[in-house]
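Take each chain as given, in its own frame, and dock them per the hints.
Listed below, chain by chain, are the residues.
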Amino acid sequence: MATSFKFKPLTISILLLFLCNAIASSASGSSSTTMHTNNWAILVCTSRFWFNYRHMANTLSLYRTVKRLGIPDERIILMLADDMACNARNKYPAQVFNNENHRLNLYGDNVEVDYRGYEVTVENFLRILTGRHETAVPRSKRLLSDEGSHILLYMTGHGGDEFLKFQDSEELQSHDLADAVKQMKEKRRFKELLIMVDTCQAATLFSQLQSPGVLAIGSSKKGENSYSHHLDSDVGVSVVDRFTFFTLAFFERLNMYDNASLSSLFTSYNPNTLMSTAYYRTDLYQRRLEEVPVTNFFGSVMETIHTDSPYRAFSNRYYRKSKTEMPSDQSGGGNQRALEDSDVLEELADPKLNAIQVGCPLTHTWNTILGRMEKITQIDNFVNCGVVLMFPIVALSSWFSH
Amino acid sequence: MAAASAPTPSSTAEIAEAPEPLPSKLDNSEPDCPRKTRPGLKRLALTFTVLFSFLLGLPFLLKSVEIYRSPLPFREIDDLSAAVESIPLQFPCKFRAVFVGIGGSSFDANELSVKIEHQMREIAAKDSTSCGACTYNSSVCVVVENGADCFRSDNDFNWKCGALSELNKYEDSGEYNDELFDEYLHSLVDESDSRGNGNNVYTMIVVRREGQKDVSAVVGKYRHGWIVGRVSEEEAVKKVASVFVKVFVNGGKEEGSISGEFMPVGADGKIVLSFNLLNADPHDWTYDWEFQEIDDNLLAPILEYLKPLADISVESQVLYHTPKSSFSYWDETLGSYIFTTKDLPFFVEGRAILQYVPSSTECPLQLQLPNGKISKSNGFISPMWGSVVVWNHAACLNGSKMETRVRHMISSEDMRKIFEVFIGQLRQLFGLKSKGIFRDASGTMRLLTSESGFTEWELDVLSRQHTCFNLLQCTTTLGSLSRLVQSLPRMIIKEEIGEQVRYSLEAAKLALSNVSAGIYDASAVSSRRARSFAEDAFYHPSMMSVSYYSFEHCFAVYSPFFLPVALHVLLAALREWKRYKQESRKFKAWKSKKD
Chain A
324 MATSFKFKPL
334 TISILLLFLC
344 NAIASSASGS
354 SSTTMHTNNW
364 AILVCTSRFW
374 FNYRHMANTL
384 SLYRTVKRLG
394 IPDERIILML
404 ADDMACNARN
414 KYPAQVFNNE
424 NHRLNLYGDN
434 VEVDYRGYEV
444 TVENFLRILT
454 GRHETAVPRS
464 KRLLSDEGSH
474 ILLYMTGHGG
484 DEFLKFQDSE
494 ELQSHDLADA
504 VKQMKEKRRF
514 KELLIMVDTC
524 QAATLFSQLQ
534 SPGVLAIGSS
544 KKGENSYSHH
554 LDSDVGVSVV
564 DRFTFFTLAF
574 FERLNMYDNA
584 SLSSLFTSYN
594 PNTLMSTAYY
604 RTDLYQRRLE
614 EVPVTNFFGS
624 VMETIHTDSP
634 YRAFSNRYYR
644 KSKTEMPSDQ
654 SGGGNQRALE
664 DSDVLEELAD
674 PKLNAIQVGC
684 PLTHTWNTIL
694 GRMEKITQID
704 NFVNCGVVLM
714 FPIVALSSWF
724 SH
Chain B
12 MAAASAPTPS
22 STAEIAEAPE
32 PLPSKLDNSE
42 PDCPRKTRPG
52 LKRLALTFTV
62 LFSFLLGLPF
72 LLKSVEIYRS
82 PLPFREIDDL
92 SAAVESIPLQ
102 FPCKFRAVFV
112 GIGGSSFDAN
122 ELSVKIEHQM
132 REIAAKDSTS
142 CGACTYNSSV
152 CVVVENGADC
162 FRSDNDFNWK
172 CGALSELNKY
182 EDSGEYNDEL
192 FDEYLHSLVD
202 ESDSRGNGNN
212 VYTMIVVRRE
222 GQKDVSAVVG
232 KYRHGWIVGR
242 VSEEEAVKKV
252 ASVFVKVFVN
262 GGKEEGSISG
272 EFMPVGADGK
282 IVLSFNLLNA
292 DPHDWTYDWE
302 FQEIDDNLLA
312 PILEYLKPLA
322 DISVESQVLY
332 HTPKSSFSYW
342 DETLGSYIFT
352 TKDLPFFVEG
362 RAILQYVPSS
372 TECPLQLQLP
382 NGKISKSNGF
392 ISPMWGSVVV
402 WNHAACLNGS
412 KMETRVRHMI
422 SSEDMRKIFE
432 VFIGQLRQLF
442 GLKSKGIFRD
452 ASGTMRLLTS
462 ESGFTEWELD
472 VLSRQHTCFN
482 LLQCTTTLGS
492 LSRLVQSLPR
502 MIIKEEIGEQ
512 VRYSLEAAKL
522 ALSNVSAGIY
532 DASAVSSRRA
542 RSFAEDAFYH
552 PSMMSVSYYS
562 FEHCFAVYSP
572 FFLPVALHVL
582 LAALREWKRY
592 KQESRKFKAW
602 KSKKD
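So the sequence lines, in the order shown, correspond to chains A and B. Taking the working numbering, I'd label the letters of the first sequence as residues 324 to 725. Taking the working numbering, I'd label the letters of the second sequence as residues 12 to 606.
Same shape as in the complex, but just chain B (with noise of 0.2 Å):
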């Protein structure tokens, strides 16, 4: 105890020597015990060194708590956004008039041209123009012949002058028909093509004839039509530009029709086409069918011509008893059922094309219009969804039996005649009309009709909008999806999405210079595939809010290891400098009162 009680001189020196500092903090000019030796750096080495190893070890542990995040390309995203969405999308079209019969000098085709895309601009102006619209910049090239003279206006039109001068005759003859003569032109404009882009020419032909009292207008089915009769200038200047503007351009659709909601291609650029055939009551007859047939001989052909706008695969089914939810009334004057357009939204449950057999308590069922007609297709559509059709079977209209346990098969003239029936529903699906006329203030046309679905002018329309409404809804959906990830500085970007969005952004850039190159079908290719990869990479199934970690939480996991330890480290070290630091002014001091 005695010895506890007076500790030897050196270590108290040591000991002391730590509470010093403070209290000669006040009185730091004149210390009461000099320092006669120099301070060591040893006590200071150590802490900067234990403080130096917890700097050095921060980079490490944040870059370990870094969250990986694919850096995605915000500003291309931006750019390709301002350049679909800024300017309306419009495709590059030409276009192409041949007047036999009117006019008689070069003068005159110019002129023609002028008044043509004058009165197509003012066309274009009154329309409220959809996705997809044409430029109406690049002039109209007019041929004029009369008689033994031809006249162009542009030189890049090589039309064969005279070869219309046989349609007198053919016609008289009583051969002429208009598909034979779709045929023919078809031949004429195909040779009169000298640059050999034949993708997005669109030419019409007037032929004025005197002889003939009223006027034929008819739509080929490729990229031309006709006007034949007794037309004036003047008429034959309007008709040319309301066929160019409102039915190669447009599709043909009337005004006031709905347009936006045609678009049944889902986000990844495929269809799948459902078709159904449902019995009502299988107590009363079934019904069977060869779809197989169908499909090899009729429906193969169309899908592989409307390769460029989506991927389309068929299923089909036959349901043996579905009933029908909503009633039907029977009408003496008409002899059969009737259910009005009010009660289609409740006829059945299910999706796709469907037709319907009625059962024997409601056959025959026919579909009455609201304005009081009888439909002569017996269906209609829902967009988005599908189709019905009731299709009310021979026997049914008869009155005649029928075995009941047998399946009977429908007949293929009967197939045929409900399949043109679904190829009139599956181009109102697509927007396009299921009739072939076209009416306008100008007058009536005549569409001619196609072996696979939809001609060739038609096929343009759809590309035009499809490329137009996939890459709005693209450059749409990037947006979102650099919005949401910017907005969510924390969340794990995986490095699958950032790729999905470059390939997105290349097929996107793609599509734009196909655009205005004026190829239709490439770009529909092309704008499918890039709304399918943003659609990927914004539904990608990683993306999930709560499964990223806040700031807050990442803070509160590490900071009770590490912030207690740091504090303490850092203030011995400032502790160690400011003690070095007097002790060496100690040392100074008393150098200098020695000196």
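Excised from the complex, chain A in its bound form (with noise of 0.2 Å):
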């Protein structure tokens, strides 16, 4: 019985170090040749209660973002607890603002929240990326993207290391979204994936990313905490986050028409004001990052091509010989959104800073000691074999008891 479990976990991981080989070659090959056709979004605040007042502000800011920018309602999956506006505490009914001068209503009249209220789950979260829903799931809270689609996902609450929480009750863990994305490759629906995490320690929720094509940024590293951006003394709480509150200003001076790139983006943030690090993760993804304008994943795209002519086949008065006439227009290619070169920032400022270890040398040594445990990679063997070694453990103790 000890033997067979011991060779399970270890044929299980071979089987998916093979599988993950093929898969990766497989599905590399197949992202350059597609065209982008569309955009979408996801947007999820996975926070409730009015003191997360302003992960509900982050989640509508970016929404008004990226609607402004093209996105239409019909290519945005909203997913909020949707507490604020109407909650007993609010002193602005049916307003939610992201500053504290009061300047623009987030809650306006024109938002749609596809998830609201005990909805957003973990696990309607993971079926919106794998497209598994029940039947009756209608389409406005489907992703319906395809091989074409270039798709921002955007997620603020609280989180920890390798981990998201669900409106306080459940999490999401780093490699059940890693395997969701590897189920959408593997799918094709996507074909570049750009996703913002802005928690606590968010950079180890995509830290177990496998998937090409795929660009990730989180608001802080592993240690570091998320704050919020300032109080606002009317409302009560906090209005905003710092790394969404950089994003939208960045985002501000943009228009439908610009072309600024996501390398500007990215090192647009500075640690010192963000309080955090801000990292990115590119090694899953093939373009360079100045090469690539921010509306590719925040606007809108649509690849239209010219109806040279209406097909005439039901009237005997449009015939024509066919010596006589041909159209004057040629042009039967698409008409695609020029990518003009982008002449922002060259410079890829790094903006990692190096951590001063301080402390006394038994938190020193405690370090080293969960650092060296962190790259023990399989984890799942360590345990397996920690589980069959207790059976000879307990059964030498029980023997030497007698």
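FYI, nobody ran anything at the bench for these hints, they're computed from the structure. Please note that a few of the clues may not be correct.
Think about it this way: if two alpha-carbon atoms lie no more than 30 Å apart in a straight line, the pair counts; the simulated DSSO-like pairs of lysine-lysine are [to be verified]:
id : chain 1 : residue 1 : chain 2 : residue 2
1  : A       : 510       : B       : 281
2  : B       : 505       : A       : 464
3  : B       : 224       : B       : 126
If we take Cβ atoms under 10 Å as the criterion, some of the chain B residues that face chain A in the derived model are [as the list claims (entries may be wrong)]:
id : residue
4  : 148
5  : 464
6  : 554
7  : 582
8  : 584
9  : 590
10 : 592
Quick reminder that beta carbons are idealized off the backbone N, C-alpha and C, glycines included.
Dropping the structure here:
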């Protein structure tokens, strides 16, 4: 019995390795040949309760930005607990602000929330990503992307090391997210994916990703917190987070015809004002960030082809002899929004700061032990070995206890 | 107390026996208290019974915690993907050509056949073949007619010689009409088909006439085309080969056109066409349309014709207030508002097929192309999404005033014109061209239009492409499903999923056999079914990774119940066995000493 258990995890891990290689090799070739045809946005606010006002304001601000830059409602999936605007504690009923100057009401008349209240669960979130809905789920709640889609996935709330807390009752683990993205890539549900996470220790949430074509940025690294920007003394709570605040400041300067690049967005985060390090991950992404305009993810793209002529089949009056006339316009080719070269920011300033190790030697040794433990990659094997070792230890101890 | 301090000898013997094996382990050759009786089997039997009952119960326990996984045919899925993905899927097609007035012997017929085949292979090699091309293996049957002589390269082709000798008189009489000639040729070609498999045979007829200066090349509505005029043998061969390869096989797409995005059929084989009439500003004027009439007369036959490709359903609506979100500018010379192709992405939010009536502030609104010309159709498509036509009504062009509170009906004449643009756009969405001209290095061809929206050979092209695409999608999906299932060994796979996978495999096999037989329609239908079953199986809502239990979970739940008890039972059995062995050894030693 002990031996069979020992071999099973080994075979499973070997199988997984083979599968990962096969999948990676088969998936890497296809992403370059398809054309970018549309953009989708999935905006998730994972917190509820009044004191998490800023998370809902974050999500609504980004929703507004993305709509302004052109993505239509039918291609935005908005998940909110939606308990701020009509909260009994809200001094400004039906209004949600992201700045203490109250200049902009985010909860205007054009907000279409797809998943609200208790529908914001890990299961629903993963169902959106993988596409496995019950048959009764309406189209507006589904991610109907295809192999030419660029998807923006924005998540905000409370997070920790390798997890994100959903509605104070469950957690989304980083390996679940990585698994869902892997399935999406296999089924070619996206061409490129940009994940933005604004939580504490945000960078750990996408640490397990393996699929190509994914770009991820988090507001803080492992061990760092993400902070709110300012407190609105009138409303009584913090109204926006720093990372989102600076992201919005970047986008307020843009309009839909602009072509600022992603690298200018990513390098615009200053660790001093952010009070954390905005960490981004480009190892799974083939293109160079300077060449990617932000509207590739945040704006709208529609490839259009002109219709040369009507199909004259339904009346004899439109009969033409073959020799006489040919239509004057010859353009049958596609028209896409022109991607001009961005002349913004050439340097690749690395925003990472070196953490200074201060503290007493005990914490230092503890940290080294933790670091060494993190290097153990085959966690599963380790746990299984421990479980298997339990048998002989218990057997021996009960033998000797007599 | 005195009684307690002196226990009875029998019980002493019983109790004292238990710790005895431990000290006597060291020196079991010389026991201090010899055993005179045979050791009993009762204790042994008891402990071993308990142990065996545990062992007997183990399979029942394992069965009760077993995950139900419907057995998926992994091997067959792999075989299918090997069959479909390794070699590009190609269909058998037959080509025939008739030359009137060129050549004059049976040798010529064979020679022409070889030349055409050679030219076709050359052209096909240059083309980057997309999915669904033809194999160019079979030979081209050629008939050569010259005056009264008639030679064939292949006896299967029963062409009625001399049928086209009247052509001269017919053309000169002025009654000549491409459409009528097409019908006449269709009857001839049908008759000439001896084996009755009219589906995948393409015919080209070349008539050489000295009197005609320019060459007219037309492709008809069925599966044939003709070239009439002063054409040399070389030119004729080139033209025929290029028509065969570029038009009949590839659908008339010109070089450099985009392919692959033109598969609007959804995963379940259905398309929903949504026709919307958008009024920009109801203050100026509102329009309505008689959609039911259009649907019955014009649309329904087309959709019926497309049945093998997809199940198309139609819905329509009229929107009375839809402002545009991009801007146009007034151009004095052209006398109208212009929007360019750059503004198109932000035109209107919505989906499917739209007809937009601009408001008075922007009327008339015309589309300007990048080359500066004004669009004739005033419409554009966006692949995978839909299309838009901007309609400037007559009053707007005249500048006359209209009553605002009344709903005006679009006249049926206007509707028909708009509808023609819609059908052109529908064809574009399917990947075909909306105009009836095909141009390439060897010249220009006219492509006849059909009342059903699509000609027979175009439907063949679409069937082939869709079959190929569907089969590829099906195998990819099944492959992903099998990988997913194998990578999560503890995920429940319902019976339904297994059934759908089996149906999908069956349909895919049927599609492949249809492909090799060359039946396009049936292969399109079965490939569609295969794909829809595969997608249903993959997207089954029960396969969510959060809802299966890992092995660690199962172990952690069951081990506190069974592990301690099992361990103790096992150890007790072992101990009893050891004790029995020792007692019997002691007994044997005593017995041998006695003897």
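Results for each hint:
Of the supplied pair hints, the one linking residue 510 (chain A) and residue 281 (chain B) holds, its CA atoms being roughly 19 Å apart against a limit of 30 Å. For a cut-off of 30 Å, the pair hint linking residue 505 (chain B) to residue 464 (chain A) stands: about 25 Å separates their Cα positions. Our distance criterion of 30 Å between C-alpha atoms is met by residue 224 (chain B) and residue 126 (chain B), whose separation comes to about 25 Å. Residue-level restraint check for residue 148 (chain B) is violated (minimum Cβ-Cβ distance to chain A is 28 Å; threshold 10 Å).
A least Cβ separation of about 7 Å between residue 464 (chain B) and chain A falls short of the 10 Å threshold, and the interface hint therefore holds. For the restraint placing residue 554 (chain B) at the interface with chain A, the shortest Cβ-Cβ distance is roughly 6 Å, inside the 10 Å limit, so the hint holds. With a cut of 10 Å, the hint placing residue 582 (chain B) at the interface with chain A holds, because the nearest CB-to-CB distance is about 6 Å. Evaluation of the residue 584 (chain B) hint against chain A yields a violated restraint, the C-beta minimum of about 13 Å exceeding 10 Å.
With 10 Å as the threshold, the beta carbon of residue 590 (chain B) stays out of range of chain A, its nearest partner Cβ sitting at about 12 Å, so the hint is violated. Because the closest C-beta pair between residue 592 (chain B) and chain A is about 17 Å apart, greater than 10 Å, the hint is violated.
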